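Asks: Residue strings, one per chain:
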Amino acid sequence: MSELIPTQTGAPAAESELMVRAEQVHKSFGHIEVLKGIDLEVRSGEVCCLLGPSGSGKSTFLRCINHLEKINAGRIWVDGDLIGYRERGGKLHELREKEVAAQRRAIGMVFQRFNLFPHMTALENVIEAPVRVKREPKAAVRERAEALLARVGLADKMGNYPGQLSGGQQQRVAIARALAMQPKLMLFDEPTSALDPELVGEVLDVMKDLARDGMTMIVVTHEIGFAREVGDTLVFMDGGVVVERGNPREVIANPRHERTKTFLAKVL
Amino acid sequence: MESEEVTTVRARPEPIRAVPVRHPGRWVTVAVLAVLAAMFVHVLVTNDAFNWSFMVDKMFRPPIIEGLLRGTVLMTVSAMVIGVALGVVVAIMRLSDNPILRGVAWLYTWFFRAVPRLVLLAVFGNIGILWSRIEFGVPFDTQLGQLFGIDNLQLRLFGFSSRDILTGFMAGLLGLALSEAAYMAEIVRAGIQSVDPGQTEAAQALGMSRGQLLRRVVLPQAMRVIIPPTGNETIAMLKDTSLLLYVPVSVELFFQLDAVGKRTFQIFPMYVAACLWYLFLTSILLVGQYFLERHFGKGYGPAGRARLRLRTIAAEQGGGGGQGAVG
Ligand SMILES: Nc1ncnc2c1ncn2[C@@H]1O[C@H](COP(=O)(O)OP(=O)(O)O)[C@@H](O)[C@H]1O
Ligand SMILES: [Mg+2]
Numbered sequence: 001m002s003e004l005i006p007t008q009t010g011a012p013a014a015e016s017e018l019m020v021r022a023e024q025v026h027k028s029f030g031h032i033e034v035l036k037g038i039d040l041e042v043r044s045g046e047v048c049c050l051l052g053p054s055g056s057g058k059s060t061f062l063r064c065i066n067h068l069e070k071i072n073a074g075r076i077w078v079d080g081d082l083i084g085y086r087e088r089g090g091k092l093h094e095l096r097e098k099e100v101a102a103q104r105r106a107i108g109m110v111f112q113r114f115n116l117f118p119h120m121t122a123l124e125n126v127i128e129a130p131v132r133v134k135r136e137p138k139a140a141v142r143e144r145a146e147a148l149l150a151r152v153g154l155a156d157k158m159g160n161y162p163g164q165l166s167g168g169q170q171q172r173v174a175i176a177r178a179l180a181m182q183p184k185l186m187l188f189d190e191p192t193s194a195l196d197p198e199l200v201g202e203v204l205d206v207m208k209d210l211a212r213d214g215m216t217m218i219v220v221t222h223e224i225g226f227a228r229e230v231g232d233t234l235v236f237m238d239g240g241v242v243v244e245r246g247n248p249r250e251v252i253a254n255p256r257h258e259r260t261k262t263f264l265a266k267v268l
Numbered sequence: 269m270e271s272e273e274v275t276t277v278r279a280r281p282e283p284i285r286a287v288p289v290r291h292p293g294r295w296v297t298v299a300v301l302a303v304l305a306a307m308f309v310h311v312l313v314t315n316d317a318f319n320w321s322f323m324v325d326k327m328f329r330p331p332i333i334e335g336l337l338r339g340t341v342l343m344t345v346s347a348m349v350i351g352v353a354l355g356v357v358v359a360i361m362r363l364s365d366n367p368i369l370r371g372v373a374w375l376y377t378w379f380f381r382a383v384p385r386l387v388l389l390a391v392f393g394n395i396g397i398l399w400s401r402i403e404f405g406v407p408f409d410t411q412l413g414q415l416f417g418i419d420n421l422q423l424r425l426f427g428f429s430s431r432d433i434l435t436g437f438m439a440g441l442l443g444l445a446l447s448e449a450a451y452m453a454e455i456v457r458a459g460i461q462s463v464d465p466g467q468t469e470a471a472q473a474l475g476m477s478r479g480q481l482l483r484r485v486v487l488p489q490a491m492r493v494i495i496p497p498t499g500n501e502t503i504a505m506l507k508d509t510s511l512l513l514y515v516p517v518s519v520e521l522f523f524q525l526d527a528v529g530k531r532t533f534q535i536f537p538m539y540v541a542a543c544l545w546y547l548f549l550t551s552i553l554l555v556g557q558y559f560l561e562r563h564f565g566k567g568y569g570p571a572g573r574a575r576l577r578l579r580t581i582a583a584e585q586g587g588g589g590g591q592g593a594v595g
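Residue numbers (the working numbering), protein chains in the order written: chain W, 1 to 268; chain Z, 269 to 595.
By construction, these hints were calculated from the structure, which means they are not laboratory data.
Honestly, I wouldn't trust all of these hints.
Unchecked claim - Once the Cα atoms are required to be at most 25 Å apart in a straight line, the calculated DMTMM-like pairs of lysine to aspartate or glutamate come out as: (1) Lys184(W) - Asp196(W); (2) Lys70(W) - Asp365(Z); (3) Lys134(W) - Glu334(Z); (4) Lys36(W) - Glu469(Z); (5) Lys184(W) - Glu124(W).
Given the structure is predicted, the values throughout are model-derived calculations rather than measurements.
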């Protein structure tokens, strides 16, 4: 059946190629429903750009994907694994803290405000999780971390504390920290919104490089240029629903929906 | 016109040599204080009740030094070590998702902060009245046994004579440490809550467990907030060891000075000796605290430093039992 349903980019996607599948995701805070039934499919190796006005629920949706928020209804699968629950005998069972943590290891996340550990150097930030969480040997992790930091252009800043780095440098360390866990999927929540304009480029370059390498990425961003150049799909959200989706170049050139038009007019 | 403007800009103005404002009030204050100080010294030197030579002779005697080392210094260190460790546990329970753990932690801090330390120590000193033996086993065993028709059922696993373990020193240590844990729990909780929630999120997103993120990410950052008030707690604890007189703990500085004073009918000189000893010991801690505060107060700005200082004052006033929570 699924082969008959074309995905947004036109190519039929087999179940196995899907990295992320979200079905009818609902999320409320108290009485306020923030996500009102989000459907999303992201294929392996795809770069999906999530756009939308502030407060439309983009961050909340991203946080649901790695179970930082518990959803109220719907299902999310990452690489075939149901996130946060186990389905047994037609009933959902909550996963234990350990099992949730194990699912999160495969999902990297980059935050708007970097959230580097301020009491650790750049290198220690990158080494921490593989050594403590995955229990990998320190020497091997160290080598990988140094290579990652070199790759994001920070070979000479490994011993610096986050407080001694610029915003752009901190965000590149944060990307390296997430990559050190060798994730299958990377989530970016407005990674350049807290940066001075002249520092945005260096972070976007690292992300482009990552996309070229075939990383599956969901990127919440207001950088239209990035979405047009690197994005495989563009999803426009407003008021907790997906308003429009498609090829980024087409959507940006010819938005069909009125709300998309208004939003693009503001950010372009 | 133009050249004139240039010269006015370039000319360096004459340095100000103004007549300073006079402060006659200051001189009056200095004079009054000088007279008061002279009066105080006069009393110290001429009043025989001070009996300085007697005091100096007694205050370095071996029992007093032993009381100082064991009952004051060792007790302060032990009570603080247990208090901090238990305080961290209670604070983490208080912040847990489990409502039962939260409730127990709340009850604990409520009880130990509401009962004055002096009263608490008197209770712990007399707890032997409650049980001659301290035993661990099934609670209400005898009563349950009667319910099933068994007479005098005893399900005890192991026990001690309370006189063996609840010596004065142990009772005093227990009282001070348990009470300290309640105050430390509040300080640690404030410290944990001061850490940016983004840190927890980042650690969770990397797949860290709750224990890992506390140990590796949150607690190291909370230290900035936890350490300065812990210094105050240590100073307050050192002073509060004098309350052990009411347990009683005999190997303790104030107990020994008090005893010598009562035995020789020279109470006042021995109390002055107590003041001098506590002044000496707390001064050492105050020096240590000055450096701690300077180190951890970095980047707090004047307002933050003032808040730290307020806590210090609170600690000194709270000599009768720790001070309250951190804002
Ligand atoms: N933890 C929370 N508690 C209550 N309301 C929240 C919480 N997180 C987000 N919200 C609300 O959910 C809505 C969507 O927020 P968010 O997902 O951050 O939007 P976006 O990232 O698109 O700007 C906002 O109205 C916000 O106030
Ligand atoms: Mg957001």
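Asks: Has the given pair, Lys184(W) with Glu124(W), been kept, meaning a C-alpha gap of at most 25 Å?
Replies: holds (22 Å)
Asks: Is Lys134(W) within 25 Å of Glu334(Z), Cα to Cα?
Replies: Violated - the C-alpha atoms of Glu334(Z) and Lys134(W) are around 52 Å apart, more than 25 Å.
Asks: So if I understand the rule, the pair passes when the alpha-carbon distance is 25 Å or less; does Lys70(W) with Asp365(Z) pass?
Replies: It holds: about 15 Å lies between the C-alpha atoms, which stays within 25 Å.
Asks: Within a Cα-Cα threshold of 25 Å, do Lys36(W) and Glu469(Z) meet the stated pairing?
Replies: Holds. Lys36(W) to Glu469(Z) sits at ~24 Å (cutoff 25 Å).
Asks: For the pair supplied as a hint, Lys184(W) and Asp196(W), is the alpha-carbon distance within the 25 Å limit?
Replies: violated (30 Å)
In terms of the numbered hints stated before, the structure departs from hints 1 and 3, listed from lowest to highest.
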